[in-house]
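Protein sequence lines correspond, in order, to chains B and P. In terms of the working numbering, the first sequence opens at residue 69 and continues consecutively. In terms of the working numbering, the second sequence opens at residue 69 and continues consecutively.
Rather than coming from a laboratory, the hints here were simulated on the basis of the structure. Only a predicted model underlies this, so the values are computations on that prediction, with no experimental measurement involved. Be aware that a few hints might be false.
Simulated crosslink set (DMTMM-like; lysine to aspartate or glutamate; CA at most 20 angstroms straight-line) [to be verified]: (1) P:K254 x B:D167; (2) P:K159 x P:D134; (3) P:K296 x B:D350; (4) B:K295 x P:E352; (5) B:K295 x P:D167; (6) P:K296 x B:D167; (7) P:K77 x P:E107; (8) P:K250 x P:E291; (9) P:K145 x P:E120; (10) B:K250 x P:D350; (11) P:K296 x B:E352; (12) B:K254 x P:E256.
Number of protein chains: 2
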Amino acid sequence: MLNSLDQLKELCRMGQPVTVSVACAADRKVLQSLRDASEEISLSALLFGRKEEILSLLSSLEISSDLFSVVDCSDEKSACAAAVRAISEGKADVLMKGDVPTASIMREVLNKEYGLVKDTLLSHVALIESPYYHKLIALSDGAMNIAPTLAEKASILENSVHFMHALGVGKPKAAILAAIEKVNEKMEATLDAAELVKMAGKGRFPKSLVDGPFALDNAVSSEAAQKKGIVSPVAGDADILLVPDIECGNVLYKALNFMGGAHSAGLILGASAPVILTSRADSETTKLYSIFLAAAVAGSRR
Amino acid sequence: MLNSLDQLKELCRMGQPVTVSVACAADRKVLQSLRDASEEISLSALLFGRKEEILSLLSSLEISSDLFSVVDCSDEKSACAAAVRAISEGKADVLMKGDVPTASIMREVLNKEYGLVKDTLLSHVALIESPYYHKLIALSDGAMNIAPTLAEKASILENSVHFMHALGVGKPKAAILAAIEKVNEKMEATLDAAELVKMAGKGRFPKSLVDGPFALDNAVSSEAAQKKGIVSPVAGDADILLVPDIECGNVLYKALNFMGGAHSAGLILGASAPVILTSRADSETTKLYSIFLAAAVAGSRR
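Given these sequences and hints, build the entire structure.
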């Protein structure tokens, strides 16, 4: 059972060494976090961008260029394209955003010719360590899909289940969240939850246990579930929280991180390689753990 | 500044004594919490329901009937109606749900003849004490309005602002929540936030500061807001969090209470008196603080 983000390092050490492909790598914090990560796990990096800028940053950060190969690219678009191609050509295992807008790198990820997406849906997952929960819990999607349809929710759930499998959780328990635990025709989140549970019954999400709708308390607290008379193996023991939309997911993610003492790591799932899109607002810890998380997922795939 | 729910007791002691009207009062936990509350603040109660059952419960709980008057009612409907009439006739200041479904009591609250609602919208507010925030924060609406329209959001915000005024917060700061802090046409929550800010500019919410859209982190953390370059008196210092819908509000409420070490109290606003609708799932603390909260609001009105 995973109960701390630090265990991600152990997972990385058990898996294969990984190479990170960084688009527009002239970013001090990105390079620092890659250096910090490489001191703890087997990790190398291909740095795409303006070579001079990158080399000068590496030198000012006193990072030896042994683990990091720099590939000169004249502009943002070519750096993003080259970083993505490195993945599709099998030269790297994880894609990471450097000093470039998310939209620019995602455009290349979605490129039909050499991109990383076939017929899957991209989704964001956060892996959260909360002092108020007995194990790590995955939350999806609080950052990418705005108002997913039922079919999209199914894809998001599928991505999350595969993600937990990659982390060694053999049969993750997924709680489909809503405001209440009963199906109510006026509340789409509860109707979709019931449909997802039906899909699960038909084998759509192999090696998982899917149940819902749940209000959050019943998904994470056995005591709360008991008080409500809810009997489900998922109640109080969820590994995955599937939220109905981005507002709900984002608020939950932020509540745990900013008003709940939690730490977290985040990834984009659904592409042929994990994608790290950390932002300025993320803490150093989040950036570092996101690299470990991507490496653990990628290392388990090879 | 209010920074602990315990201060509600002080507010009650500064205000007028209040009388609670309880619909279907034959409920052990409700009577216990009323007794506990009456030991700390000036509070009496009118107990509507089957007189024999109530008296027998009071006796088994060793509650003296000095502060509690029992009014015999033959059935649920008449008990709810009588409890509501006690408010409209000025005999009581706070309505409280006993052992009766929420729908039954709300039907009487909304009764056109003797009910407690004119042209206002009813909304739920939770007042939350979080160990990760420097003051109490109000959250609305995570329990009553499912998917409020812009006009309904304005009413919910209005109720919340009046509520904070009643608690002595002269100029509450309200953060309109969304998943991001920029207006995005694909995200209704951000469009509505911008409209609410415009309404505020035109004086719709007197004696308040309204801003948004905010992602939660920017509403409650000055550091997060600074990192994002957000300059607003509301950023990092919100008194009120207005959520876009019930899923978002409920998940936030539950996250803080079940995965954030918070305590809270809850009320229904918008009627001519505060309404307490505690549920089986609420902790004893929540029940007790909800009574203090209702009494503080009612006591400030008289």
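Hints and how they fare:
no.: 1; hint: P:K254 x B:D167; result: 25 angstroms, violated
no.: 2; hint: P:K159 x P:D134; result: 17 angstroms, holds
no.: 3; hint: P:K296 x B:D350; result: 10 angstroms, holds
no.: 4; hint: B:K295 x P:E352; result: 13 angstroms, holds
no.: 5; hint: B:K295 x P:D167; result: 16 angstroms, holds
no.: 6; hint: P:K296 x B:D167; result: 16 angstroms, holds
no.: 7; hint: P:K77 x P:E107; result: 11 angstroms, holds
no.: 8; hint: P:K250 x P:E291; result: 18 angstroms, holds
no.: 9; hint: P:K145 x P:E120; result: 17 angstroms, holds
no.: 10; hint: B:K250 x P:D350; result: 18 angstroms, holds
no.: 11; hint: P:K296 x B:E352; result: 15 angstroms, holds
no.: 12; hint: B:K254 x P:E256; result: 19 angstroms, holds
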